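Participant: I would like the entire structure built from these sequences, with the hints used as guidance.
Line by line, the protein sequences are chains W and C.
Letter by letter, the first sequence follows residues 878 to 1019 in our numbering.
Letter by letter, the second sequence follows residues 4 to 310 in our numbering.
These are computed hints drawn from the structure, not numbers from a lab.
Just so it is clear, the structure is predicted and the values come from calculations on it, not from any experiment.
25 Å max Cα-Cα, derived PhoX-like pairs, lysine-lysine: (1) W:Lys977 / C:Lys198; (2) C:Lys162 / W:Lys1002; (3) W:Lys1015 / C:Lys191; (4) W:Lys1015 / C:Lys162; (5) C:Lys197 / W:Lys1015; (6) W:Lys996 / C:Lys198; (7) C:Lys198 / W:Lys1000; (8) W:Lys996 / C:Lys197; (9) W:Lys1002 / C:Lys202; (10) C:Lys198 / W:Lys1002; (11) C:Lys162 / W:Lys996; (12) C:Lys197 / W:Lys1000; (13) C:Lys162 / W:Lys977; (14) W:Lys1000 / C:Lys202; (15) W:Lys1015 / C:Lys198; (16) C:Lys202 / W:Lys1015; (17) W:Lys1002 / C:Lys197.
Cβ pair distances, simulated, as ranges: (18) W:Ala914 / C:Leu241: 55 to 61 Å; (19) C:Thr178 / W:Gly907: 50 to 56 Å; (20) W:Gly907 / C:Gly84: 30 to 36 Å; (21) W:Tyr979 / C:Lys92: 26 to 32 Å; (22) C:Asp30 / W:Glu1001: 43 to 49 Å; (23) C:Lys92 / W:Val973: 19 to 25 Å; (24) C:Lys198 / W:Arg971: 17 to 23 Å; (25) C:Phe235 / W:Lys884: 52 to 58 Å; (26) C:Ser72 / W:Leu940: 46 to 52 Å.
Covered stretches of chain C, going by a simulated chain W footprint (3 or more residues, C-beta under 8 Å): (27) 107-114; (28) 128-136.
Don't be surprised by glycine CBs; every beta carbon is placed ideally from N, CA and C.
One-letter residues, chain by chain:
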Amino acid sequence: MNVDSIKTGVVIDHITAGKGMQLYELLNLGSLDVPVAIIQNVISRKMGKKDIIKIDADIPVDLNIIGYVDPGATVNIIKNEKLIEKLNIDMPERLVNVLKCYNPRCITQTEQELPHIFKLTNKEKQVYRCIYCETQAKNPEV
Amino acid sequence: MRSAIDIVDFSTQEIEDMIGVALDIIDNPDKYAHACDRKKLATLFFEPSTRTRLSFEAAMYELGGNVISVSSANSSSAAKGESVADTVKVVSCYADIIAMRHPKEGAALVAANNATIPVINAGDGGHCHPTQTFADLLTIYREKGTFENLTIGLCGDLKFGRTVHSLINAMCRYTGNKFVLISPNELKLPSYVKKDVLKERGIPYVQTTSLEEVMPDLDVLYMTRVQRERFFNEEDYLRLKDTYVLDMKKLARAKDDLCIMHPLPRVNEISVAVDDDPRACYFKQVLNGKYMRMALILKLLKEAGTI
Chain W
878 MNVDSIKTGV VIDHITAGKG MQLYELLNLG SLDVPVAIIQ NVISRKMGKK DIIKIDADIP
938 VDLNIIGYVD PGATVNIIKN EKLIEKLNID MPERLVNVLK CYNPRCITQT EQELPHIFKL
998 TNKEKQVYRC IYCETQAKNP EV
Chain C
4 MRSAIDIVDF STQEIEDMIG VALDIIDNPD KYAHACDRKK LATLFFEPST RTRLSFEAAM
64 YELGGNVISV SSANSSSAAK GESVADTVKV VSCYADIIAM RHPKEGAALV AANNATIPVI
124 NAGDGGHCHP TQTFADLLTI YREKGTFENL TIGLCGDLKF GRTVHSLINA MCRYTGNKFV
184 LISPNELKLP SYVKKDVLKE RGIPYVQTTS LEEVMPDLDV LYMTRVQRER FFNEEDYLRL
244 KDTYVLDMKK LARAKDDLCI MHPLPRVNEI SVAVDDDPRA CYFKQVLNGK YMRMALILKL
304 LKEAGTI
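Facilitator: Now the structure itself:
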């Protein structure tokens, strides 16, 4: 499958091999009623192996989620079989309702309508902490 | 709207300015007796606490202000399931400033994000308790005359003890300080405080389980209570609660100018016999807390343009 095989849609490229499925789940792509392909372990000159996700529809993807899971990934926007935009992804400063705080003492556990917000506190070590209780994020869940 | 949620929200200069105001209040109480005339402090305490609430109330009365109060979660709308956000929106209509204690971590931030008046965090679960740290800092300053080159022993529950985490954060800003972390293995300082605060800034520290061994090195000894309410398991609490008891025998090897502190209430951690020793500073700490709360209320109301 090639990038130009999509008429109009989104290609998430240069995903670290093995992270494609996690990204698929966090982006909730399984709920879409459009063709979505995950290609795993594609040979890459730059990365050795990589994963690719292709979405055959013009839908917005949450760049913050991609930046959180795999900041080295790239997002290609395809329209009429042409690459019209290539986005380099960076780690987002804040994640809203992407992760859930697992600390049972956190206010988000009792006040269900509060947004779960995490902020990047250490970019080098990719550490995100809950803005309410400062618990470090782990085991990302939707 | 400026609130006081965490000690790290305040710059070193701001803290030192508040200490300056507190010292001025101590010397010239009459100057401040009407500083908050006709202003109201709402104390919202959703978790049991007598002394912190009394300290805030005394602080506001000494500034000439008034206090309206919710004294327990059971008697408030929180018992009916009202959210923190709604509660503080309502209270914002009645008061000029809020002091809130809540058992859930992060509740104070939720309050500050939703109130239209300043919110002071009077303790949010095991997370932050900035006004206790302000009290601790004024005590260290009044007893030692400096914030630098001190060996600070922190003893007891260093895992759930929010006052300990905040004090480390505050004292890390000054040069030459060393920390001695004295706790049972189960209640050690969380690794994120060690990694993100101490190691990251290159602050020297040692961990030990023996208070006796390190006693001669200490300039400040901060004792803490093992808090029943932080444990999910009663057995663990009972096993660990009396690990450290400071008595006159242990103090025999301490420096003559050691400053013994405790955020109170104490249970068994400090023998009553120690109270008469001139090195016992924990009741002075209580008084210092009131002065720093006065300084903080003044600062926040001024910044809000209320006074």
